[in-house]
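Novice: The lines below spell out each chain.
There are 2 protein chains.
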Amino acid sequence: MNFMNQAFLLAKKAYSHDDVPIGAVIVRDGKIVARGENRVQKSKNPTLHAEIVAINKACKKLNKKFLDECDLYVTLEPCAMCATAISFARIKNIYFAATDEKGGGITTNAKIFETDKHLWKPNIIQMPEHADKSAQMLRDFFKQRRNSKI
Amino acid sequence: MNFMNQAFLLAKKAYSHDDVPIGAVIVRDGKIVARGENRVQKSKNPTLHAEIVAINKACKKLNKKFLDECDLYVTLEPCAMCATAISFARIKNIYFAATDEKGGGITTNAKIFETDKHLWKPNIIQMPEHADKSAQMLRDFFKQRRNSKI
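Line by line, the protein sequences give chains A and B. If you count by this note's numbering, then the first sequence holds residues 1 to 150, one letter each, in order. If you count by this note's numbering, then the second sequence holds residues 1 to 150, one letter each, in order.
It cannot be assumed that every hint is accurate.
If chains are identical, the list can't say which one is meant, so a pair holds when it fits in one copy or spans any two.
Within a straight-line C-alpha distance of at most 25 Å, the following computed DSS-like cross-link-like pairs (lysine-lysine) qualify [what the hints assert, rightly or not]:
id, residue 1, residue 2
1, Lys-12, Lys-65
2, Lys-133, Lys-143
3, Lys-44, Lys-92
4, Lys-60, Lys-44
5, Lys-102, Lys-117
6, Lys-44, Lys-57
7, Lys-65, Lys-102
8, Lys-13, Lys-42
9, Lys-31, Lys-12
10, Lys-42, Lys-61
11, Lys-60, Lys-42
12, Lys-44, Lys-61
Don't read these hints as lab results, they were simulated from the structure. Being a predicted model, the structure only gives us computed values, none of them experimental.
Same shape as in the complex, but just chain A:
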């Protein structure tokens, strides 16, 4: 199974309820254990980014706070909040599609794993082959939102 494509399906789900289209899946032993889509608008809660939604579900499903045998796939570079949460959850590998120059917390902007000296550090793998798809989806979303406000 292509896990990043599964994350994109969740990004589309976010889009369908007027949330910025970002999706994430958490994988263990080659199987998806939790799915999350950005639901900040839908749930009126600014903490409910796709990654946090997926972590909440995975912890509940696996009944443990450390997801140390798990990987996370997400369509956009995690922000500082999510990157720190992923570290707290001890997720092994973070795979992300597009970088986020404004809100990114890992390779751009906050660079949380460089500035926070005490955080446990997951492996970080960017998947540039998926970057365009993610960036295009985000552009479409913001364009549509601007047009709907005119």
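Once you have looked at the hints, place chain B on chain A.
Specialist: Quick look at chain B alone, frame taken from chain A:
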């Protein structure tokens, strides 16, 4: 009402269920609108710090994602995850008791509001008159935990 003392009552509640004793309250117009205690162990979820629990409750209660007329009182300096979440929630003022040299995200360690150039920045007010009480509670907790493992 002394809001920091109310946060300490929540830290004691966290202690009672074997969580690191940290408590937070969110205040609007001189009244507490949400309370949160650290429940990482109790809920087996590493994202459920006192601040996140309080933000989740406040958003639900007020039915909005921006808590822009609210202040947050917390017994320990927020970590990078919580400081970013507080920023996303547009909370006006953060009052905290003790600094956290290892896990702090504001004045120590990550210094998220300096490193993340795009975050909305709340006012940050340390209350040194409450720092000893918070630090002592944390020391007692970790001492007890060490002893219980011998």
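Novice: Each hint should be assessed against the structure and marked as holding or not.
Specialist: Comparing the hints with the structure gives:
1. For the identical chains of this complex, Lys-12 and Lys-65 are inter-copy neighbours only, at 21 Å across copies versus 28 Å inside a copy, given an alpha-carbon limit of 25 Å.
2. When the C-alpha separation of Lys-133 and Lys-143 is checked against a cutoff of 25 Å, the pair qualifies only within one copy, where the shortest distance is 15 Å, while the shortest distance between copies is 51 Å.
3. For the homomeric pair Lys-44 and Lys-92, the shortest alpha-carbon distance between copies (18 Å) is at most 25 Å, but the shortest distance inside one copy (30 Å) is not.
4. For the homomeric pair Lys-60 and Lys-44, the shortest alpha-carbon distances inside one copy (21 Å) and between copies (8 Å) are both at most 25 Å.
5. For the identical chains of this complex, Lys-102 and Lys-117 are neighbours both inside a copy (22 Å) and across copies (8 Å), given an alpha-carbon limit of 25 Å.
6. With identical chains, the CA atoms of Lys-44 and Lys-57 are at most 25 Å apart both within one copy (18 Å) and between copies (11 Å).
7. In the homo-oligomer, the alpha carbons of Lys-65 and Lys-102 lie at most 25 Å apart only across protomers (21 Å), although the nearest pairing inside one protomer, at 30 Å, exceeds that limit.
8. In the homo-oligomer, the alpha carbons of Lys-13 and Lys-42 lie at most 25 Å apart inside one protomer (11 Å), although the nearest pairing across protomers, at 31 Å, exceeds that limit.
9. For the homomeric pair Lys-31 and Lys-12, the shortest alpha-carbon distance inside one copy (21 Å) is at most 25 Å, but the shortest distance between copies (40 Å) is not.
10. Taking identical chains as interchangeable, the C-alpha atoms of Lys-42 and Lys-61 lie at most 25 Å apart whether they share a chain (22 Å) or sit on different chains (15 Å).
11. Taking the shortest Cα distances, Lys-60 and Lys-42 sit within 25 Å of each other both inside one copy (21 Å) and across copies (12 Å).
12. When the C-alpha separation of Lys-44 and Lys-61 is checked against a cutoff of 25 Å, the pair qualifies both within a copy, at 24 Å, and between copies, at 11 Å.
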